[in-house]
Amino acid sequence: MTKLTLRSPEGEQPLLPLDSRQTVMIGRAADADITLPNPEVSSHHARLTLTPHGWVVEDLESANGTEVNGVPVTTPAPLHPGSTIVLGGAVTLTFTDDEPAAQPAAAPVPTRADAPAPQTAASEADLALVRDMKARAERIRREVAKVIVGQCEIVDQVLMVLIAGGHGLLVGMPGMAKTTLVATIAKVLDMAFRRVQFTPDLMPTDITGTEILETDPETGQKRFRFIRGPIFTNLLLADEINRTPPKTQAALLEAMQEKSVTVGNQTYLLEPPFFVLATQNPIEQEGTYPLPEAQQDRFMFNLWVDYPQEAEEERIVRMTTVTSSETPQKVVSRQELLQLQSVVRTIPVSDHVIKYAIRLVRATRPGDAKAPDFIKKYVHNGAGLRAGQFLILAAKARAVLEGRIHVSCADVVKAALPVLRHRILANFAADSEGITTSALVERLLKTIEQPAERDY
Numbered sequence: 003m004t005k006l007t008l009r010s011p012e013g014e015q016p017l018l019p020l021d022s023r024q025t026v027m028i029g030r031a032a033d034a035d036i037t038l039p040n041p042e043v044s045s046h047h048a049r050l051t052l053t054p055h056g057w058v059v060e061d062l063e064s065a066n067g068t069e070v071n072g073v074p075v076t077t078p079a080p081l082h083p084g085s086t087i088v089l090g091g092a093v094t095l096t097f098t099d100d101e102p103a104a105q106p107a108a109a110p111v112p113t114r115a116d117a118p119a120p121q122t123a124a125s126e127a128d129l130a131l132v133r134d135m136k137a138r139a140e141r142i143r144r145e146v147a148k149v150i151v152g153q154c155e156i157v158d159q160v161l162m163v164l165i166a167g168g169h170g171l172l173v174g175m176p177g178m179a180k181t182t183l184v185a186t187i188a189k190v191l192d193m194a195f196r197r198v199q200f201t202p203d204l205m206p207t208d209i210t211g212t213e214i215l216e217t218d219p220e221t222g223q224k225r226f227r228f229i230r231g232p233i234f235t236n237l238l239l240a241d242e243i244n245r246t247p248p249k250t251q252a253a254l255l256e257a258m259q260e261k262s263v264t265v266g267n268q269t270y271l272l273e274p275p276f277f278v279l280a281t282q283n284p285i286e287q288e289g290t291y292p293l294p295e296a297q298q299d300r301f302m303f304n305l306w307v308d309y310p311q312e313a314e315e316e317r318i319v320r321m322t323t324v325t326s327s328e329t330p331q332k333v334v335s336r337q338e339l340l341q342l343q344s345v346v347r348t349i350p351v352s353d354h355v356i357k358y359a360i361r362l363v364r365a366t367r368p369g370d371a372k373a374p375d376f377i378k379k380y381v382h383n384g385a386g387l388r389a390g391q392f393l394i395l396a397a398k399a400r401a402v403l404e405g406r407i408h409v410s411c412a413d414v415v416k417a418a419l420p421v422l423r424h425r426i427l428a429n430f431a432a433d434s435e436g437i438t439t440s441a442l443v444e445r446l447l448k449t450i451e452q453p454a455e456r457d458y
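In the working numbering, the protein residues as written are 3 to 458.
Keep in mind that the hints were calculated from the coordinates and are not lab data. Here the structure is a predicted model, which is why all the values come from computation and not from measurement. Fair warning: there could be bad hints in the mix.
[Unchecked claim] Derived CB-CB ranges, DEER-like:
1. Leu447 with Arg336: 20 to 30 Å
2. Thr77 with Glu140: 31 to 41 Å
3. Gln311 with Ala252: 30 to 40 Å
4. Glu435 with Met321: 35 to 45 Å
[Said to hold, decoys possible] As a list, the in silico DSS-like pairs of lysine-lysine whose alpha-carbon atoms are at most 30 Å apart:
5. Lys378 with Lys148
6. Lys378 with Lys332
7. Lys136 with Lys224
8. Lys189 with Lys261
9. Lys357 with Lys372
10. Lys379 with Lys136
11. Lys261 with Lys448
12. Lys379 with Lys448
13. Lys357 with Lys249
14. Lys148 with Lys189
Note that the Cβ used here is the ideal one computed from N, Cα and C, for glycine as well.
Start from the sequences, fold in the hints, and give me the full structure.
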């Protein structure tokens, strides 16, 4: 007997037998052959068809997509006994055939290597790495927890930044272990790490490097030799970035955007991966140089490192006032991190998710006709184009951390606050009423609805 089985936490539930049918419609609508009342499933999501070569499944331009054995369905995909069908990233079905010999031979199950572009870039090794990332992410958290108590959400957000290939700005009170957190993550991810303490007298060449004049001992001729600065690393910690003048802050811009450094007439490429994680003290602003909005926009995430819980603070004091021998171990290699960055770029995203991300970004702009009234009242300038790009990249990175190759609107929601909070410029009305940009983003998430069927 050929049939479909619904897999759920409560167990497996047999669905419609397929032996007496030629086609089967699956969706949320009442006229579907198999009705699945899940909001992630479109009204007419997918169709199964019996062909001379066996059963195939095709996606009916659904909002959240269809996958067979972890591969997005872009053309009719053949089904084997035991094939797994995932609808909208939320509903899992199993295709079973108790008498496979009676069926004509089916075509090979599609893989990343033979899927049509643009989904062809990821290999089976890439998919295996993604499937293993949920367990690895848990190991990373355990290794970081040997040094850092609590701050689980901040650790996850830093990992999202690194996997997405972005840069992060950590803002928090002194003594919140921001520097220690970055150094620990660099060790767990097997990255070369440098720290630069930004001060008012720091010069751009102190970061990028400088040329020195030296004499060749054999020929006696003078020549310039470039001495590389601390920026030539994998993970650069720019400690208290607002303590240094704009000229030195700007020395990071080319490196952050172009992954290269220009000194004189020579451009030097930075070895990948390259990340900048900068820290900033939010209270001591006298004698500091706040980052210009243009440079803040280069940072993918703005991470607020808050006080720990009472029990966590007790544990911190207990751990840090005795000699500790626990050392975090490497979990992900540098090459695997580069591979993950490549996989993030190949993960497909449905129009449904992109529409939601763009709605959030456009809703932050007071000049937009669809912006909520509270945005028009409290916001001077909204988020730019990079916000939408970073929302989608961060959502993909979160999916990879959880071992998934499908992205949902829930992933965008998780990324919205760190992506948008530093890209919204509040006006005087918001400042006078004590309304922060974080509060505005949280209110936006409650106000902006996810795209519905009528939007397509």
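Structure-based check of each hint:
no.	hint	in the structure
1	Leu447 with Arg336: 20 to 30 Å	violated (35 Å)
2	Thr77 with Glu140: 31 to 41 Å	holds (36 Å)
3	Gln311 with Ala252: 30 to 40 Å	holds (38 Å)
4	Glu435 with Met321: 35 to 45 Å	holds (41 Å)
5	Lys378 with Lys148	violated (46 Å)
6	Lys378 with Lys332	violated (48 Å)
7	Lys136 with Lys224	violated (56 Å)
8	Lys189 with Lys261	holds (21 Å)
9	Lys357 with Lys372	holds (14 Å)
10	Lys379 with Lys136	violated (42 Å)
11	Lys261 with Lys448	violated (37 Å)
12	Lys379 with Lys448	holds (17 Å)
13	Lys357 with Lys249	violated (38 Å)
14	Lys148 with Lys189	holds (12 Å)
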